[in-house]
Amino acid sequence: MQAAAQTRYIAQPQGTSVKVDGTSTAHDWEMEGRSIGGYIEFGPKVKLDAAQTTIPGLNDGKVPATVQAHIPVTSIHAKVEHMPDVMDHLMQEHLKADQFSQIQYHLTEMTFKGPHAPGKPFAFDTTGNLSIAGVTNKVSFPVTIELLDAGKIKVNAAVPLKMTAFRVDPPAPNIGLGLMRCGDDIKVIIDWTLKERN
Amino acid sequence: MAMMGGVELRAGDAPRPAASSEAPLTKIPIGPTVKYGVIGLGARGREVLKDLALLPNAPVAAICDSYPSSLRRAGDNDAPKAKRFDDYQQLLASKEVQAVVIATPTPNHREMALAALQAGKHVYCEAPLANSIEDAKAIAAAARDSIKLVFQAGLQERSHPQRHFLLPFIRAGALGETVLARAQSHRNNSWVSASSNPEHEKALNWRLHQKTSTGLMGEVGIHQIDAVSWFLRARPTAITGFGSLLRWKDGRDVADTVQGVFEYPGGIRLMYDATLCNSFDKEYEMYYGTESAVMVRDAKAWMFKEPDAALLGWEVYARKDDFYTETGIALVANATKQATIGTAATAGNTTSFTPLHYALEAFTTNVGQLDGAVKDFIDSFGDGDPKALADSLKALKPYAPAANWQDGLEATILAIKANEAVVQQQKITVEKELFNL
Numbered sequence: 352m353q354a355a356a357q358t359r360y361i362a363q364p365q366g367t368s369v370k371v372d373g374t375s376t377a378h379d380w381e382m383e384g385r386s387i388g389g390y391i392e393f394g395p396k397v398k399l400d401a402a403q404t405t406i407p408g409l410n411d412g413k414v415p416a417t418v419q420a421h422i423p424v425t426s427i428h429a430k431v432e433h434m435p436d437v438m439d440h441l442m443q444e445h446l447k448a449d450q451f452s453q454i455q456y457h458l459t460e461m462t463f464k465g466p467h468a469p470g471k472p473f474a475f476d477t478t479g480n481l482s483i484a485g486v487t488n489k490v491s492f493p494v495t496i497e498l499l500d501a502g503k504i505k506v507n508a509a510v511p512l513k514m515t516a517f518r519v520d521p522p523a524p525n526i527g528l529g530l531m532r533c534g535d536d537i538k539v540i541i542d543w544t545l546k547e548r549n
Numbered sequence: 003m004a005m006m007g008g009v010e011l012r013a014g015d016a017p018r019p020a021a022s023s024e025a026p027l028t029k030i031p032i033g034p035t036v037k038y039g040v041i042g043l044g045a046r047g048r049e050v051l052k053d054l055a056l057l058p059n060a061p062v063a064a065i066c067d068s069y070p071s072s073l074r075r076a077g078d079n080d081a082p083k084a085k086r087f088d089d090y091q092q093l094l095a096s097k098e099v100q101a102v103v104i105a106t107p108t109p110n111h112r113e114m115a116l117a118a119l120q121a122g123k124h125v126y127c128e129a130p131l132a133n134s135i136e137d138a139k140a141i142a143a144a145a146r147d148s149i150k151l152v153f154q155a156g157l158q159e160r161s162h163p164q165r166h167f168l169l170p171f172i173r174a175g176a177l178g179e180t181v182l183a184r185a186q187s188h189r190n191n192s193w194v195s196a197s198s199n200p201e202h203e204k205a206l207n208w209r210l211h212q213k214t215s216t217g218l219m220g221e222v223g224i225h226q227i228d229a230v231s232w233f234l235r236a237r238p239t240a241i242t243g244f245g246s247l248l249r250w251k252d253g254r255d256v257a258d259t260v261q262g263v264f265e266y267p268g269g270i271r272l273m274y275d276a277t278l279c280n281s282f283d284k285e286y287e288m289y290y291g292t293e294s295a296v297m298v299r300d301a302k303a304w305m306f307k308e309p310d311a312a313l314l315g316w317e318v319y320a321r322k323d324d325f326y327t328e329t330g331i332a333l334v335a336n337a338t339k340q341a342t343i344g345t346a347a348t349a350g351n352t353t354s355f356t357p358l359h360y361a362l363e364a365f366t367t368n369v370g371q372l373d374g375a376v377k378d379f380i381d382s383f384g385d386g387d388p389k390a391l392a393d394s395l396k397a398l399k400p401y402a403p404a405a406n407w408q409d410g411l412e413a414t415i416l417a418i419k420a421n422e423a424v425v426q427q428q429k430i431t432v433e434k435e436l437f438n439l
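Protein chains in written order, with our numbering: chain A, 352 to 549; chain B, 3 to 439.
In case anyone wonders, no lab produced these hints; they're calculated from the structure. There's no promise every hint is true.
[To be verified] In silico DSSO-like cross-links for lysine-lysine, where the CA-CA straight-line distance does not exceed 30 Å: (1) B:Lys251 <-> A:Lys505; (2) B:Lys150 <-> A:Lys430; (3) A:Lys370 <-> B:Lys377; (4) B:Lys429 <-> A:Lys447; (5) A:Lys430 <-> B:Lys399; (6) B:Lys150 <-> A:Lys546; (7) B:Lys396 <-> A:Lys370; (8) B:Lys97 <-> A:Lys546; (9) B:Lys389 <-> A:Lys546; (10) B:Lys97 <-> A:Lys430; (11) B:Lys97 <-> A:Lys505; (12) A:Lys546 <-> B:Lys399; (13) B:Lys150 <-> A:Lys447; (14) B:Lys251 <-> A:Lys503; (15) B:Lys399 <-> A:Lys538; (16) B:Lys399 <-> B:Lys150; (17) B:Lys97 <-> A:Lys447; (18) B:Lys150 <-> A:Lys505; (19) A:Lys538 <-> B:Lys377; (20) A:Lys538 <-> B:Lys429; (21) A:Lys505 <-> B:Lys377; (22) A:Lys489 <-> B:Lys150; (23) A:Lys503 <-> B:Lys399; (24) A:Lys447 <-> B:Lys396; (25) B:Lys251 <-> B:Lys429; (26) A:Lys505 <-> B:Lys429; (27) A:Lys430 <-> B:Lys396.
None of the values given here were measured: they were computed from a predicted structure.
Bound-form chain B, shown alone (with noise of 0.2 Å):
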């Protein structure tokens, strides 16, 4: 037998400490209130719509989108509150609105972004940033040339507590020596939106098609990739690609299944594949090494030890836990209050919120605080020193982590690279020049 079981290792709502003197172990506290403006409501942007409202602190001040019904759709059941509008020109212009999502089809994110950074709002925008790199980079620059404003890329992983209590685990070595990842998303669906309007349903399915999608590997893969080149700390500095057509040919001519081969420094590559064709095992990532391999599927991990891996020592504190046939020993962060876990260890995602949600709720928090610092040093110091005030933002730490303006690019390239390769069918390499802005 190759594996002693698995070791679960879990975030989950790990508690932190309450906001007050002697309360008991509750939540975050609640930062400032950030009003937001929602661009774009589609599926995604309802979801961020629904997200943001479990959130305290951040009220949905405006929506927009310029298909109608979608903005009465939206307004009617998920920000009743918001203003209206199907120019989000005038969303901008809004002085309520503090910060924007901007949860349009990729194609539109360079301008909007641009001209919302330019009227001042902090912005949240999807992954992938663009589909060209020049777009990506345009983007990127404007982030990062706008000091007063935070901008995040909606790689929502990079803000999940799971992944970051599991983060320590790889990068102190628990794997030992890491050979291989390999990770999958498998689906079983068209990817088509449907509407009565046969021009807005060509609108909606945007990704369907090459000249506005960088297909599965950027709608899709780009959170896995991007996750995998995190844990490992590397870029790719090659991918191969392949891509076909299988299932659902209704004239698109974005590959339904692709898979990759993204080639790391030191011989480590990620093997990556997805499917609208098939959901056997649905989205997880598998990190190999010597010692153990993890796998990362929804809001949980688990690690399974070689049978003469070392004892790493926290297994000790770990409880003793089955795993499919096996018993294993299940790390959780507040095992206390666990209930047995069992076979409901497979089951899926345990945590109460979804990424988005944390993502959400790491800018809203990030926000409040640079409008802090912002509003500090200009009380103390007056607002005459540009430079001094740049100084001083650059030298604070976000409090809550989040995809910045250089994640959203490099991750944006990765996946465009990725798609290209996936187009043309072959190996192309990935220069480090190209991530230079």
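Just chain A, with the same shape it has in the complex (with noise of 0.2 Å):
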């Protein structure tokens, strides 16, 4: 008899974006992305049912699922009228793209946060390894997932992140009126359209 499968979303280009907001000695700063590549896979009895409290097929009120992303360092861009060009370079300068030109996500725990209401996204607490500039943190933040229609997902999450915790010195680029340091402290906010594979 063959085992019931497991049900695997791929990442779709409509409807993904990668924000990140930072601060700094002279203003708030944004960066943002429109690419997120990679997959969830959930195990074969786990099935999202926006009209259930519960979801099925979970150990301990742990998901069995895997999750691959990868963000392409210089697929995000700095939202600046002028000159963005320095800032994505200054940015992928350094997260060190040239050597680690993929921001790289995999999940190790998944926590459903039931119960679910119905008709509202899915809560979970998440741990994973986050690796950026190829240094690899554990990880942990909620995360939600919102049922769409044809199949599609989406996730939401909100990340708070220390630069130097990747050992990445927050940029100080000296913008003509004087030096400017980037606060350690960001966030980046994802949203991930994903689409179950036929």
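Two chains, two frames, a set of hints: combine them into the complex.
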């Protein structure tokens, strides 16, 4: 007898974005990208049903799932009017993009935060390994998954990070009016749309 | 006295933030390497090679010219490491070449640009794009549809930092109400290229005959007419032209002296003239407004305020300087590093690079950016959804300002119509539908 198939969701370009919010001694800044590749694969018995309060197939509240996500460093762009290329190159240099072209994440643990309110997104706590600029750290953050139509889901997360935790020096560009130093704390906001593989 | 003196507006080598933390102000960071092929190795093609040689990320992988001496001279002197081809199709077949510069006579542009885009090469095509509106539209349509490729028209002033430094002043109304524009290109040369081979000499001098050339309006005036239209954010609706062959009566049938009156909306007119018979005052553009006039010459500009004009505010930060016999106020982007301008302010281009250099630098930067965006998309989502890829690329804002296919098409149509007015010695209307693609 054939085992029930796992359900794999593949990253989609429409409805996917990553936003990075930061601070500096001069002003807040923002970067944005539209590429998050990878997939989410749920165990064979896991089924997200918008009408249900629980999720079948869990192991003591843990979701059997595999998540691999990657973001090309060069796909993230500064949201500035003037000299965006300079700011992008500055970011790429600090993230050692020539050696580590992708920011990578893989999930190690996913816990369902039930009960689910029918019609609302599902809520989870996650832990995983995040690799930036060649440094890998264990990171934990809450995630919601919203069921869309046509077999699509949308993952939302807001991930607070410290640049120095990944041995990234906060940039301090000389912008002509004096030195501006970026703050260590950043927030990464993820909107990730995936579609069930047929 | 009508004028109070010149206020110099100059970007020059305005410094940009360095790409590393706490480094001193230096220059634009270097983007990915783009390997070039250059097609057409006449005078312009060799200028292209010289300017590419100054870019650290723009190696020339291949060059092409159908005339052996031109190929050999350019290869030996300007691109010794490049592969040499006498057939542009062979150059386009080279997988090493990512981007091509088309610097051939204008009548060849259509065939070569279409073939280059078809071959998957990014294209920098010299202006005008073509000698006919039909050819220009064919190039523009192919460029528009080649979503993964950069197409840049050779309107190099569109990439010049000085122009981008100046643009906000004019657009912000520093002139008051714009009332008039004037531009000229005065040269004292025959426009003839010599060769020991009579057949080749005939081919070299394609600009001298109406059958193959849009004359001074098309081959020279296009840059200044485009600059004025760009600054005014408008297109002329009618052009009245005049042309005479006054000095170089050597068998050519294009005028060596032309004038044009370009009528823009709102009663604003550009008075343009170009001649090969006298070099006095060379090239410049003037914009006149109710508050002040601005002269753009080479890599500089000066503002001449009317005596009763209101203070703009920024003059406070500008340095006082001599300008001819007047005491004016100089405005320079990096004033603390400038030597006293004095009479040198009139000496011409003080930037380090040519307009062509900035245009090729912009092209290289934008090619690297677009190639990177295509790769990033495919790495993340695969290549199974061309529409999603196209949507993603359309949202990409080019890093460097440059003339795209639409700018090139509009400038080319205007140049063709201006030449038409010169040839017909009359006023012709420029219907806006003409620009539809």
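Hint by hint, here is what the structure shows:
1. B:Lys251 <-> A:Lys505: The hint is violated at about 73 Å.
2. B:Lys150 <-> A:Lys430: 22 Å, holds
3. A:Lys370 <-> B:Lys377: Status holds; Cα separation ~20 Å.
4. B:Lys429 <-> A:Lys447: Given that 30 Å is the threshold and the Cα spacing comes to 60 Å, the pair is violated.
5. A:Lys430 <-> B:Lys399: Holds - the C-alpha atoms of Lys399 of chain B and Lys430 of chain A are around 11 Å apart, at most 30 Å.
6. B:Lys150 <-> A:Lys546: 25 Å, holds
7. B:Lys396 <-> A:Lys370: 19 Å, holds
8. B:Lys97 <-> A:Lys546: 36 Å, violated
9. B:Lys389 <-> A:Lys546: 17 Å, holds
10. B:Lys97 <-> A:Lys430: Violated, because 35 Å separates the two Cα atoms, which is more than 30 Å.
11. B:Lys97 <-> A:Lys505: The hint is violated at about 40 Å.
12. A:Lys546 <-> B:Lys399: With a Cα-Cα distance of about 28 Å, the restraint between Lys546 of chain A and Lys399 of chain B holds, given a limit of 30 Å.
13. B:Lys150 <-> A:Lys447: 26 Å, holds
14. B:Lys251 <-> A:Lys503: 73 Å, violated
15. B:Lys399 <-> A:Lys538: Between Lys399 of chain B and Lys538 of chain A the Cα gap is close to 24 Å, so the pair holds against 30 Å.
16. B:Lys399 <-> B:Lys150: 13 Å, holds
17. B:Lys97 <-> A:Lys447: At roughly 29 Å apart (the allowed maximum being 30 Å), Lys447 of chain A and Lys97 of chain B satisfy the hint.
18. B:Lys150 <-> A:Lys505: Between Lys150 of chain B and Lys505 of chain A the Cα gap is close to 28 Å, so the pair holds against 30 Å.
19. A:Lys538 <-> B:Lys377: 26 Å, holds
20. A:Lys538 <-> B:Lys429: Violated, because 61 Å separates the two Cα atoms, which is more than 30 Å.
21. A:Lys505 <-> B:Lys377: Judged against 30 Å, a Cα distance of about 24 Å means the pair holds.
22. A:Lys489 <-> B:Lys150: 38 Å, violated
23. A:Lys503 <-> B:Lys399: 29 Å, holds
24. A:Lys447 <-> B:Lys396: Measuring from Cα to Cα gives roughly 27 Å; hence the hint holds.
25. B:Lys251 <-> B:Lys429: Holds - the C-alpha atoms of Lys429 of chain B and Lys251 of chain B are around 26 Å apart, at most 30 Å.
26. A:Lys505 <-> B:Lys429: Cα-Cα ~61 Å, so violated.
27. A:Lys430 <-> B:Lys396: 16 Å, holds
The structure fails to meet hints 1, 4, 8, 10, 11, 14, 20, 22, 26 from the earlier list, while all remaining hints are met.
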